[in-house]
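Participant: Sequence:
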Amino acid sequence: MSGLGMLFDVVLLATLVWLAWRLLASADLFKAVVLFIAFGLLLALAWARLGAPDVALAEAAIGAGITGALLLVALRRLGPETLGMRRHAPTIGQRLSAKTLIGLAAFVVAFILVRALALLPASASGLAPRVAQEMVQSGVAHPVTAVLLNFRGFDTLLEVAVLALAVLGIWCLSEAPVFAPAEPDSPVLLGLARILLPLLVIAGGYLLWLGSQAPGGAFQAGALLAAAVVLGLLAGFVLPRRWSGLPLRLVLTMGFVVFLGIAAAPLLLGGLLLEYPRGWAKFFILTVETLLSGSIAAVLAVAVIGGRPPEVGADYPPTPEDTSSGGAA
Numbered sequence: 001m002s003g004l005g006m007l008f009d010v011v012l013l014a015t016l017v018w019l020a021w022r023l024l025a026s027a028d029l030f031k032a033v034v035l036f037i038a039f040g041l042l043l044a045l046a047w048a049r050l051g052a053p054d055v056a057l058a059e060a061a062i063g064a065g066i067t068g069a070l071l072l073v074a075l076r077r078l079g080p081e082t083l084g085m086r087r088h089a090p091t092i093g094q095r096l097s098a099k100t101l102i103g104l105a106a107f108v109v110a111f112i113l114v115r116a117l118a119l120l121p122a123s124a125s126g127l128a129p130r131v132a133q134e135m136v137q138s139g140v141a142h143p144v145t146a147v148l149l150n151f152r153g154f155d156t157l158l159e160v161a162v163l164a165l166a167v168l169g170i171w172c173l174s175e176a177p178v179f180a181p182a183e184p185d186s187p188v189l190l191g192l193a194r195i196l197l198p199l200l201v202i203a204g205g206y207l208l209w210l211g212s213q214a215p216g217g218a219f220q221a222g223a224l225l226a227a228a229v230v231l232g233l234l235a236g237f238v239l240p241r242r243w244s245g246l247p248l249r250l251v252l253t254m255g256f257v258v259f260l261g262i263a264a265a266p267l268l269l270g271g272l273l274l275e276y277p278r279g280w281a282k283f284f285i286l287t288v289e290t291l292l293s294g295s296i297a298a299v300l301a302v303a304v305i306g307g308r309p310p311e312v313g314a315d316y317p318p319t320p321e322d323t324s325s326g327g328a329a
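In full-length UniProt numbering, the protein residues as written are 1 to 329.
Please keep in mind that the hints were generated in silico from the structure rather than gathered at the bench. Treat each hint with caution, since some may be false.
Stated by the list, open to error - If you anchor each label on the Cβ, the simulated ranges turn out as follows:
id, residue 1, residue 2, range
1, PRO53, VAL109, 47 to 53 Å
2, LEU246, LEU210, 27 to 33 Å
3, PHE8, LEU246, 28 to 34 Å
4, SER26, GLU275, 48 to 54 Å
5, ALA74, PRO129, 28 to 34 Å
6, THR15, LEU120, 42 to 48 Å
7, GLY126, LEU70, 31 to 37 Å
8, ALA52, ASP28, 29 to 35 Å
Keep in mind that this is a model prediction, so the values were computed, not measured. Glycine is no exception: its CB is placed at the ideal position from the N, C-alpha and C atoms.
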């Protein structure tokens, strides 16, 4: 590593530590959320410097992008009186107690990490050689995709199930706010949306296609597609209300249902869970990834919107497409 690269890494590490401290110590909740988003973007850069582009893409799209949007939505729902302050100002005693506990916890974690590092062998290849030996049978050319959807596909299946349960929890809490189909107040937002929406869709499709042979895949593509949906709603584009019933539920669940079916089908034939038929692994992996990207996009968009959509027969302002379809009928 060159001296310039080492200097860059040191500055990046120091900036991450400083951002982490500032967002935790900030009394302004909005400022803390903005710092969290900046922290996530720089953390994605750190993962890229460590040679983990898949983790970097996931951190930038989900860790900083979607999670940052969720925090902003939660902050808005808390009310305007909480935008510039935390709910309760801690007393001096509480501050000292908190600092003592945080310092003690940091010392314990640091001690455990140092001990764990001391016990590690000087050089370890991990499971990379084993994965490289089995890549021919995986059906894809990228080792991360092979691990996530073949060798350790059960973990990914559980992650998708957790996302589906998260949507159920969100829908049980409240109903989603109504996005009026009127023109937005800012023409800049509408113009920006018209430029970015096609680019986000194209980038999402590209990451999905790239996932089988390079960093990318369903989660990164789904995050970009979810960002496109949320941006479109904020800009005033509204889907027909009839799509919020069965079609939306099918999109939300199709990835998990198909993935579960493909995973469990070998059990009926005397095989093992997620044991793809010989020669068909690539087809099944690409099918699962394609459907998962749509489901993940819908799940993340629903999470940002925050609530179940109104029923088709609910008393809400109709969209222009609803009106035109009703008049045609």
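Participant: Each hint: holds or not?
Facilitator: Do the hints match the structure? See the list:
no.	hint	in the structure
1	PRO53 <-> VAL109: 47 to 53 Å	violated (27 Å)
2	LEU246 <-> LEU210: 27 to 33 Å	holds (32 Å)
3	PHE8 <-> LEU246: 28 to 34 Å	violated (52 Å)
4	SER26 <-> GLU275: 48 to 54 Å	holds (50 Å)
5	ALA74 <-> PRO129: 28 to 34 Å	violated (44 Å)
6	THR15 <-> LEU120: 42 to 48 Å	violated (27 Å)
7	GLY126 <-> LEU70: 31 to 37 Å	holds (33 Å)
8	ALA52 <-> ASP28: 29 to 35 Å	holds (32 Å)
When held up to the earlier numbered hints, the structure conflicts with 1, 3, 5 and 6 and fits the remainder.
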